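Given these sequences and hints, build the entire structure.
There are 4 protein chains.
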Amino acid sequence: MAIVLGPNRYGKAETRLLRVVRDTARHTLRDLNVSTALSGDFAAAHVDGDQAHVLPTDTQKNTVFAFARTVGVGEIEEFGTALARHFVDDVAPVTGADVRIEEYTWDRIATDGQGAGCGHDHAFTRSGREIRTTEVVVGPDGLHVVSGLKDLVLLKSTGSEFAGFLVDQLTTLPETHDRVLATALTARWTYADAAVDTGVDWAAAYAHIRAVLLDRFAEVHSLALQQSLWEMGRGVLEELPEVSSIELVAPNIHHVAADLGPFGLDNPGEVFHVTDRPYGLIEVTVQRDGEA
Amino acid sequence: MAIVLGPNRYGKAETRLLRVVRDTARHTLRDLNVSTALSGDFAAAHVDGDQAHVLPTDTQKNTVFAFARTVGVGEIEEFGTALARHFVDDVAPVTGADVRIEEYTWDRIATDGQGAGCGHDHAFTRSGREIRTTEVVVGPDGLHVVSGLKDLVLLKSTGSEFAGFLVDQLTTLPETHDRVLATALTARWTYADAAVDTGVDWAAAYAHIRAVLLDRFAEVHSLALQQSLWEMGRGVLEELPEVSSIELVAPNIHHVAADLGPFGLDNPGEVFHVTDRPYGLIEVTVQRDGEA
Amino acid sequence: MAIVLGPNRYGKAETRLLRVVRDTARHTLRDLNVSTALSGDFAAAHVDGDQAHVLPTDTQKNTVFAFARTVGVGEIEEFGTALARHFVDDVAPVTGADVRIEEYTWDRIATDGQGAGCGHDHAFTRSGREIRTTEVVVGPDGLHVVSGLKDLVLLKSTGSEFAGFLVDQLTTLPETHDRVLATALTARWTYADAAVDTGVDWAAAYAHIRAVLLDRFAEVHSLALQQSLWEMGRGVLEELPEVSSIELVAPNIHHVAADLGPFGLDNPGEVFHVTDRPYGLIEVTVQRDGEA
Amino acid sequence: MAIVLGPNRYGKAETRLLRVVRDTARHTLRDLNVSTALSGDFAAAHVDGDQAHVLPTDTQKNTVFAFARTVGVGEIEEFGTALARHFVDDVAPVTGADVRIEEYTWDRIATDGQGAGCGHDHAFTRSGREIRTTEVVVGPDGLHVVSGLKDLVLLKSTGSEFAGFLVDQLTTLPETHDRVLATALTARWTYADAAVDTGVDWAAAYAHIRAVLLDRFAEVHSLALQQSLWEMGRGVLEELPEVSSIELVAPNIHHVAADLGPFGLDNPGEVFHVTDRPYGLIEVTVQRDGEA
Chain A
11 MAIVLGPNRY
21 GKAETRLLRV
31 VRDTARHTLR
41 DLNVSTALSG
51 DFAAAHVDGD
61 QAHVLPTDTQ
71 KNTVFAFART
81 VGVGEIEEFG
91 TALARHFVDD
101 VAPVTGADVR
111 IEEYTWDRIA
121 TDGQGAGCGH
131 DHAFTRSGRE
141 IRTTEVVVGP
151 DGLHVVSGLK
161 DLVLLKSTGS
171 EFAGFLVDQL
181 TTLPETHDRV
191 LATALTARWT
201 YADAAVDTGV
211 DWAAAYAHIR
221 AVLLDRFAEV
231 HSLALQQSLW
241 EMGRGVLEEL
251 PEVSSIELVA
261 PNIHHVAADL
271 GPFGLDNPGE
281 VFHVTDRPYG
291 LIEVTVQRDG
301 EA
Chain B
11 MAIVLGPNRY
21 GKAETRLLRV
31 VRDTARHTLR
41 DLNVSTALSG
51 DFAAAHVDGD
61 QAHVLPTDTQ
71 KNTVFAFART
81 VGVGEIEEFG
91 TALARHFVDD
101 VAPVTGADVR
111 IEEYTWDRIA
121 TDGQGAGCGH
131 DHAFTRSGRE
141 IRTTEVVVGP
151 DGLHVVSGLK
161 DLVLLKSTGS
171 EFAGFLVDQL
181 TTLPETHDRV
191 LATALTARWT
201 YADAAVDTGV
211 DWAAAYAHIR
221 AVLLDRFAEV
231 HSLALQQSLW
241 EMGRGVLEEL
251 PEVSSIELVA
261 PNIHHVAADL
271 GPFGLDNPGE
281 VFHVTDRPYG
291 LIEVTVQRDG
301 EA
Chain C
11 MAIVLGPNRY
21 GKAETRLLRV
31 VRDTARHTLR
41 DLNVSTALSG
51 DFAAAHVDGD
61 QAHVLPTDTQ
71 KNTVFAFART
81 VGVGEIEEFG
91 TALARHFVDD
101 VAPVTGADVR
111 IEEYTWDRIA
121 TDGQGAGCGH
131 DHAFTRSGRE
141 IRTTEVVVGP
151 DGLHVVSGLK
161 DLVLLKSTGS
171 EFAGFLVDQL
181 TTLPETHDRV
191 LATALTARWT
201 YADAAVDTGV
211 DWAAAYAHIR
221 AVLLDRFAEV
231 HSLALQQSLW
241 EMGRGVLEEL
251 PEVSSIELVA
261 PNIHHVAADL
271 GPFGLDNPGE
281 VFHVTDRPYG
291 LIEVTVQRDG
301 EA
Chain D
11 MAIVLGPNRY
21 GKAETRLLRV
31 VRDTARHTLR
41 DLNVSTALSG
51 DFAAAHVDGD
61 QAHVLPTDTQ
71 KNTVFAFART
81 VGVGEIEEFG
91 TALARHFVDD
101 VAPVTGADVR
111 IEEYTWDRIA
121 TDGQGAGCGH
131 DHAFTRSGRE
141 IRTTEVVVGP
151 DGLHVVSGLK
161 DLVLLKSTGS
171 EFAGFLVDQL
181 TTLPETHDRV
191 LATALTARWT
201 YADAAVDTGV
211 DWAAAYAHIR
221 AVLLDRFAEV
231 HSLALQQSLW
241 EMGRGVLEEL
251 PEVSSIELVA
261 PNIHHVAADL
271 GPFGLDNPGE
281 VFHVTDRPYG
291 LIEVTVQRDG
301 EA
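Protein chains in written order, with our numbering: chain A, 11 to 302; chain B, 11 to 302; chain C, 11 to 302; chain D, 11 to 302.
These aren't lab readings, by the way, just hints derived from the structure by calculation. Computed from a predicted structure; not experimentally measured. Worth double-checking, as some hints may not be accurate.
Pairs involving identical chains hold if they fit within one copy or between any two copies, as the list cannot separate such chains.
Here are the simulated SDA-like cross-link-like pairs (lysine to any residue), alpha carbons at most 25 Å apart as the crow flies [what the hints assert, rightly or not]:
#  : residue 1 : residue 2
1  : K160      : V284
2  : K160      : L224
3  : K160      : R139
4  : K160      : R244
5  : K160      : T121
6  : K160      : L233
7  : K160      : R118
8  : K160      : W212
9  : K160      : V14
10 : K160      : D203
Printed below as a string of structure tokens:
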């Protein structure tokens, strides 16, 4: 069989952009990590070394900075769409663009004499909360948006069980009806194409989804991380008709109750050893019936 | 000259402890990373391989977990002091102990129908704010406490200059009277021994120092990061008599204005490239006159 | 539309295993990072919280350690196959298993009086070379093996060009006919199912593929990283009939020639600033005609 | 007491430099991470915001690149000395300079028809071995050189004991006469000032010290990591009169024998769980009698 070029793409990864909106003395920040990847007819670049069809990755970086000035950075889904459409519409050899953006959030520094939630006009501290993400794909079949979050670190100090599981010859884990449940959640939700076409309030949707994920994690009495994730995803789909599916990836960060018995002490769910590796890893997609 | 054993110590690093306080249905968390190091008469352990004086590092880990149950985890300075005193007082060959603790903070998950700041009884999300630290040293000359914070990420989008600097033949940096100033601050402040002896409100002092650092960073019009750090440190010493000195270590996270001139665009302080390396690094101690 | 459970799986990630083979005084090491993921009929675990079909991830970890003793750790593809087959064959609800393994290599410490390549019987230093990887998947359609490597850091100090590329209004990159080309390569190659069935010499194949990748990177005069990767992948498929396709993921680690002009100095390809972010990212699959 | 400026310094950290020596077709590489820190009369920069004495950190970066062209990069001790002397000698307000350099090593890619150890003229793969380091300090009392290495990962699969240790009420660790001993060594050795003045063969000294550390680790039957470190340090001082002291910092990377008893299996030193945290941490200085 002949040896041929298979799927390929190229781009500029992790362009770190800070956009300051300074129309008034009260500045706002957009702090982003932008990665672009282009696909199209790039066979000659590989097979013959002919770069005539290749827009340099350096230009892709320039485009991020120039668009931050001309188009501005609104919600990351908007900025990603502007970039992806540009590459496909304006660069002849490009037939597909995949733009991924991470956003880091900043809080205003509170200052004397100001009410809560007000804060300084141009001094900020990074929030350290979860990272907001999006992936905007433009291709022959149109525009698709998958947004999400990562590193949303969650913990319940009770209200979590793990029992009634399958036991084989290599099983030593005891059942528990009260354990610590913790994870660093990654979520990726797909917006329905029809909703994207008619317009989504990206910021409101993000805040709503985040609130549902937190609420379901907190309120559901957990029989397993799988069940918590299912209820979290189901809650999102119930409340947001514009979301067609959601994928949740959740490491189970094990908190092992310290064995204090050798010292004549009990441990009524108070002292835990937080472990790094290994960790459970649960991956779940919740979707509407009939979705791929 | 003979070859001899010089300074030495040993311990257990990075014991990750979660302490849940569950006296009522409303739990609280203490999430710590504890490192202990012991010094004393350990020459035989090195030179002869005789371990009779060596309390295993595994025992040091056990001690952290056992004390979390028996003593409980109050403020990290208190927990560190309990551990350090135990090793020096109760383990004969040990003459010095250095206990370092990092604390990660968690926020209660907000739930429907609850006022702001209330939140769930036992479901939490990690705040991602800066890490609180302490180092408690017990030795022949008593007890010393150096507390601090790290990874407090700060940014001003205006109100920062850098001009009038020394220029030599290798200097190409242009002066600027309006730049982005950003850092990920590490601070370590020493409590006066007399204050430690009479008692410090550790939590209140931490909150106070954090507020002063943020306020001074925000309010001082910066002519250089050095000047901002000096004013931040000076503010702490002015407001907290129990602090004898403070050391600030601050990378200058460079935000370089994107050059959009080649595209016929100006850049009035709006679009910045956030860089990783290299970075400026400023190290400053502010102290009371007469302190070492 | 009803809300339903979509694709899901769960497992234990990053079980760190050291297997010492000590049949003789001359020990050998296998230092692995093993992740397992199981799929099957786990709907009840999510929707009803019923764990009766769920083999705990803790058991999966136990299985890794037990098999390391009973089956032993040969080549990582063999160990992965044994684990994957066990989960599918012996655990009723499991219909698919995905076992991923990373291997870190160690060199014997050279000792006096020994010839090169001999070294100590039981003292080692970690090589720091690239990490060898495999992913073994067992499912309804049989067994599949995708092996690879990651973090193979490569650099050419000449013999690399980038010119004749597409120029748009946002392009500022100058052409170059002599640059530094550097990457940290990830490669993943798929073994043909027929070859897996009849038996592959995994260690020999790995060494052969690694040698071809290095040789092609070194010997091909590069007109672009895309071209180098194509030639590297093509070389592997030409020389190893048991490989059906290979995917190469290569960050372009930019080495920017320092501009010494302001100091009256030229820079004839001697002084480079190594940058972290952003970086180009090239992804290429080379395959046999007719392969998916 | 008045509040005053204490110790302070500033510089540019982590300038990543690749220097290609291309005098002939057979290139050589120096791949460095350079950090500079300057001290002197910088009170006005802090207290008054007056930067007239401050050489920008950007200039320090420029200096690294310019010196790489004009002075060239020999051994890192030489390059560090050239930089440190320049800052102190040529920049009036500077009275002290601390230059720290890390070096990453590269191997030539082996090519067909070449003998071992020959390899390609200009194609390299990063070795991944330990990182070589130096810290060169120039101040009022002259020049001092402390060189070292870090991330030298070592393991013995037998020949290591830990027994006869101190037991208190919180000790549960069993004694062992055959364990795995592993560490990721950091070493820092101080060259005697007199040796620095008369000239040291830096490359030869580095190779010699590295060989002694490896040999002693391998050959000493270990009764504790402390003893191994003492013998390693003692070996260096015995063999290299130009070294006045050596500091060794060694995490004890615990390899815990997997408990296979519940499965009816023994574990004769064959299967180990490699743990991340917590870890033992041993810090030892070996010095000549009379040294500080």
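Tested hints:
1. Taking CA atoms no more than 25 Å apart as the test, K160 paired with V284 passes in both settings, with 20 Å inside one copy and 21 Å between copies.
2. With identical chains, the CA atoms of K160 and L224 are at most 25 Å apart within one copy only, with a shortest distance of 13 Å there and 27 Å across copies.
3. In the homo-oligomer, the alpha carbons of K160 and R139 lie at most 25 Å apart both inside one protomer (9 Å) and across protomers (16 Å), since each shortest distance falls under that limit.
4. Taking the shortest alpha-carbon separations for K160 and R244, only the intra-copy value of 19 Å comes in at or below 25 Å, while the best inter-copy value is 37 Å.
5. In this assembly of identical chains, K160 and T121 lie within 25 Å of each other by CA distance solely across copies; the values are 21 Å between and 30 Å within a copy.
6. Taking the shortest Cα distances, K160 and L233 sit within 25 Å of each other inside one copy (24 Å), while across copies they are farther apart (37 Å).
7. Within a single copy, K160 and R118 get their C-alpha atoms as close as 22 Å, and across copies as close as 19 Å, so both meet the 25 Å cut-off.
8. Taking the shortest Cα distances, K160 and W212 sit within 25 Å of each other inside one copy (17 Å), while across copies they are farther apart (33 Å).
9. Within a single copy, K160 and V14 get their C-alpha atoms only as close as 37 Å, which misses the 25 Å cut-off; across copies the closest is 23 Å, which meets it.
10. When the C-alpha separation of K160 and D203 is checked against a cutoff of 25 Å, the pair qualifies only within one copy, where the shortest distance is 23 Å, while the shortest distance between copies is 36 Å.
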